[in-house]
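**Student:** Taken in order, these protein sequences are the chains called V and S.
In the numbering used here, each residue's number is its place in the first sequence (first place is 1) plus 70.
In the numbering used here, each residue's number is its place in the second sequence (first place is 1) plus 1.
Hints listed in this document are in silico derivations from the structure and should not be mistaken for laboratory results.
Don't take every hint at face value.
The list that follows gives simulated cross-link-like pairs (lysine-lysine, DSS-like), each with its CA atoms no further than 30 Å apart [to be verified]:
{"#": "1", "chain 1": "V", "residue 1": "Lys139", "chain 2": "V", "residue 2": "Lys88"}
{"#": "2", "chain 1": "V", "residue 1": "Lys141", "chain 2": "V", "residue 2": "Lys87"}
{"#": "3", "chain 1": "S", "residue 1": "Lys50", "chain 2": "S", "residue 2": "Lys70"}
{"#": "4", "chain 1": "V", "residue 1": "Lys141", "chain 2": "S", "residue 2": "Lys50"}
{"#": "5", "chain 1": "S", "residue 1": "Lys59", "chain 2": "S", "residue 2": "Lys70"}
{"#": "6", "chain 1": "V", "residue 1": "Lys165", "chain 2": "S", "residue 2": "Lys78"}
{"#": "7", "chain 1": "V", "residue 1": "Lys127", "chain 2": "S", "residue 2": "Lys23"}
{"#": "8", "chain 1": "V", "residue 1": "Lys141", "chain 2": "V", "residue 2": "Lys127"}
{"#": "9", "chain 1": "V", "residue 1": "Lys87", "chain 2": "V", "residue 2": "Lys127"}
{"#": "10", "chain 1": "V", "residue 1": "Lys127", "chain 2": "V", "residue 2": "Lys88"}
{"#": "11", "chain 1": "V", "residue 1": "Lys165", "chain 2": "S", "residue 2": "Lys23"}
{"#": "12", "chain 1": "V", "residue 1": "Lys165", "chain 2": "V", "residue 2": "Lys127"}
{"#": "13", "chain 1": "S", "residue 1": "Lys50", "chain 2": "V", "residue 2": "Lys127"}
{"#": "14", "chain 1": "V", "residue 1": "Lys165", "chain 2": "S", "residue 2": "Lys50"}
{"#": "15", "chain 1": "S", "residue 1": "Lys70", "chain 2": "S", "residue 2": "Lys23"}
{"#": "16", "chain 1": "V", "residue 1": "Lys139", "chain 2": "V", "residue 2": "Lys127"}
{"#": "17", "chain 1": "S", "residue 1": "Lys50", "chain 2": "S", "residue 2": "Lys23"}
{"#": "18", "chain 1": "S", "residue 1": "Lys59", "chain 2": "S", "residue 2": "Lys78"}
{"#": "19", "chain 1": "S", "residue 1": "Lys78", "chain 2": "S", "residue 2": "Lys23"}
{"#": "20", "chain 1": "V", "residue 1": "Lys139", "chain 2": "V", "residue 2": "Lys87"}
{"#": "21", "chain 1": "S", "residue 1": "Lys70", "chain 2": "V", "residue 2": "Lys165"}
{"#": "22", "chain 1": "S", "residue 1": "Lys70", "chain 2": "V", "residue 2": "Lys127"}
{"#": "23", "chain 1": "V", "residue 1": "Lys135", "chain 2": "V", "residue 2": "Lys87"}
{"#": "24", "chain 1": "S", "residue 1": "Lys23", "chain 2": "S", "residue 2": "Lys59"}
{"#": "25", "chain 1": "S", "residue 1": "Lys59", "chain 2": "V", "residue 2": "Lys165"}
{"#": "26", "chain 1": "V", "residue 1": "Lys141", "chain 2": "V", "residue 2": "Lys88"}
{"#": "27", "chain 1": "S", "residue 1": "Lys78", "chain 2": "S", "residue 2": "Lys50"}
So the derived list for chain S, only partly shown, Cβ under 7 Å to chain V, looks like this [as the list claims (entries may be wrong)]:
{"#": "28", "residue": "Tyr33"}
{"#": "29", "residue": "Arg43"}
{"#": "30", "residue": "Thr107"}
We put the CB at the ideal spot given by N, CA and C, even for glycine.
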Amino acid sequence: EAQVTQNPRYLITVTGKKLTVTCSQNMNHEYMSWYRQDPGLGLRQIYYSMNVEVTDKGDVPEGYKVSRKEKRNFPLILESPSPNQTSLYFCASSKTGTGVGNQPQHFGDGTRLSIL
Amino acid sequence: AQSVAQPEDQVNVAEGNPLTVKCTYSVSGNPYLFWYVQYPNRGLQFLLKYITGDNLVKGSYGFEAEFNKSQTSFHLKKPSALVSDSALYFCAVRDGDTGNQFYFGTGTSLTVIP
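Construct the complete structure from the given sequences, taking the supplied hints into account.
**Tutor:** So this is what it looks like as structure tokens:
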């Protein structure tokens with residue numbers, strides 16, 4: 071089954087304790103992306119990656135890191151989490167390349183992070 | 002700057018009536034437009050996308066969207082609403098000419114009343 075898998079689904083942690091949210095896709099997609107969803111703000115893009123070893127900042131990259139060492143994985147790293155990073159996070163993937171610029175993204179089921 | 006606006010936080014419609022969820026966009030280049038739906042505790046699911054040259058695009062579950070270039074709008078429509086259509090709907094845009102970032106609206110909560 072084609073899917074984007076995020077782990078963990080829920081996490082409660084404390085300020086300053088490094089954490090990683092994993093994301094994996096099995097569709098051989100080149101494009102992967104992280105979003106955060108906050109009430110009244112919709113989804114905002116944190117980082118995206120066009121392919122292995124290529125990452126770019128989205129609208130709200132501060133406080134986050136990503137890496138793309140393999141095509142299927144795109145982890146989101148919070149080196150020193152703060153309460154304002156409490157949010158619902160989504161990973162997504164899609165095809166890219168010539169003529170596929172309007173390919174839809176496939177989303178994971180989300181990770182709810184609470185930073186105390 | 003690229004942006005998407007969904008002017009209505011909440012839309013209520015009676016079952017069987019037509020529904021419209023509004024979206025306007027701003028991009029400097031050619032727009033790639035999408036509609037997604039989100040059910041509770043789930044990720045976003047793709048509904049439909051704009052196809053260049055088609056002013057009316059058909060998608061999943063009987064939804065369609067009307068593209069209007071002069072009004073920079075991409076409104077989601079359905080001729081006859083179902084209670085199961087109740088969910089959160091997001092419009093998204095990517096500027097096809099200038100980059101690979103996606104911009105989402107703030108979402109519209111649709112409630113279909115039995």
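**Student:** Taking the hints in turn, state whether each one holds.
**Tutor:** Against the structure, the hints:
1. For the proposed pair Lys139/V and Lys88/V, the alpha carbon gap of about 20 Å is at most 30 Å, so the pair holds.
2. Of the pairs offered as hints, the one joining Lys141/V and Lys87/V holds, with about 27 Å between alpha carbons and a cut-off of 30 Å not exceeded.
3. For the hint linking Lys50/S to Lys70/S, the alpha-carbon distance of about 15 Å falls within 30 Å, and the restraint holds.
4. Taking the CA atoms of Lys141/V and Lys50/S, the gap is near 25 Å; set against the 30 Å cutoff, the hint holds.
5. At most 30 Å may separate the alpha-carbon atoms for a hinted pair to count; Lys59/S and Lys70/S meet this at roughly 17 Å.
6. Only pairs whose Cα atoms come within 30 Å are accepted, and Lys165/V paired with Lys78/S is accepted, the gap being roughly 27 Å.
7. Simply put, Lys127/V and Lys23/S have alpha-carbon atoms about 28 Å apart, close enough for the 30 Å limit, and the pair holds.
8. About 18 Å separates the Cα atoms of Lys141/V and Lys127/V, which keeps this hinted pair within 30 Å; it holds.
9. For the proposed pair Lys87/V and Lys127/V, the alpha carbon gap of about 23 Å is at most 30 Å, so the pair holds.
10. The straight-line distance between the Cα atoms of Lys127/V and Lys88/V is roughly 20 Å, inside the 30 Å bound, and the hint therefore holds.
11. For the given pair, Lys165/V sits about 27 Å from Lys23/S by alpha-carbon distance, which is consistent with the 30 Å threshold.
12. Using a Cα cut-off of 30 Å, the hinted pair Lys165/V and Lys127/V holds, with the two alpha carbons roughly 19 Å apart.
13. A distance of roughly 24 Å separates the Cα atoms of Lys50/S and Lys127/V; the hinted pair therefore holds under the 30 Å criterion.
14. Only pairs whose Cα atoms come within 30 Å are accepted, and Lys165/V paired with Lys50/S is accepted, the gap being roughly 14 Å.
15. For the proposed pair Lys70/S and Lys23/S, the alpha carbon gap of about 14 Å is at most 30 Å, so the pair holds.
16. Taking the CA atoms of Lys139/V and Lys127/V, the gap is near 17 Å; set against the 30 Å cutoff, the hint holds.
17. Restraint check for Lys50/S and Lys23/S: satisfied, since their Cα atoms lie roughly 15 Å apart, inside the 30 Å limit.
18. In summary, the hint linking Lys59/S to Lys78/S is supported, as the alpha carbons are separated by about 9 Å, within the 30 Å threshold.
19. Under the criterion of a C-alpha separation no larger than 30 Å, the hint pairing Lys78/S with Lys23/S is consistent with the structure, at around 9 Å.
20. Simply put, Lys139/V and Lys87/V have alpha-carbon atoms about 23 Å apart, close enough for the 30 Å limit, and the pair holds.
21. Restraint check for Lys70/S and Lys165/V: satisfied, since their Cα atoms lie roughly 26 Å apart, inside the 30 Å limit.
22. The hinted pair formed by Lys70/S and Lys127/V meets the criterion: a straight-line CA distance of about 29 Å does not exceed 30 Å.
23. Among the hinted pairs, Lys135/V with Lys87/V is consistent with the structure: their alpha-carbon atoms are about 14 Å apart, no more than 30 Å.
24. At most 30 Å may separate the alpha-carbon atoms for a hinted pair to count; Lys23/S and Lys59/S meet this at roughly 16 Å.
25. Between Lys59/S and Lys165/V the CA atoms are separated by roughly 21 Å; this keeps the pair inside 30 Å, and the hint holds.
26. A distance of roughly 24 Å separates the Cα atoms of Lys141/V and Lys88/V; the hinted pair therefore holds under the 30 Å criterion.
27. With a C-alpha separation of about 13 Å, the suggested pair Lys78/S and Lys50/S falls inside the 30 Å cut-off, and the hint holds.
28. With 7 Å as the threshold, the beta carbon of Tyr33/S comes within range of chain V, its nearest partner Cβ sitting at about 4 Å, so the hint holds.
29. Evaluation of the Arg43/S hint against chain V yields a held restraint, the C-beta minimum of about 6 Å falling below 7 Å.
30. Taking 7 Å as the C-beta cut-off, the interface hint given for Thr107/S holds, the closest approach to chain V being about 4 Å.
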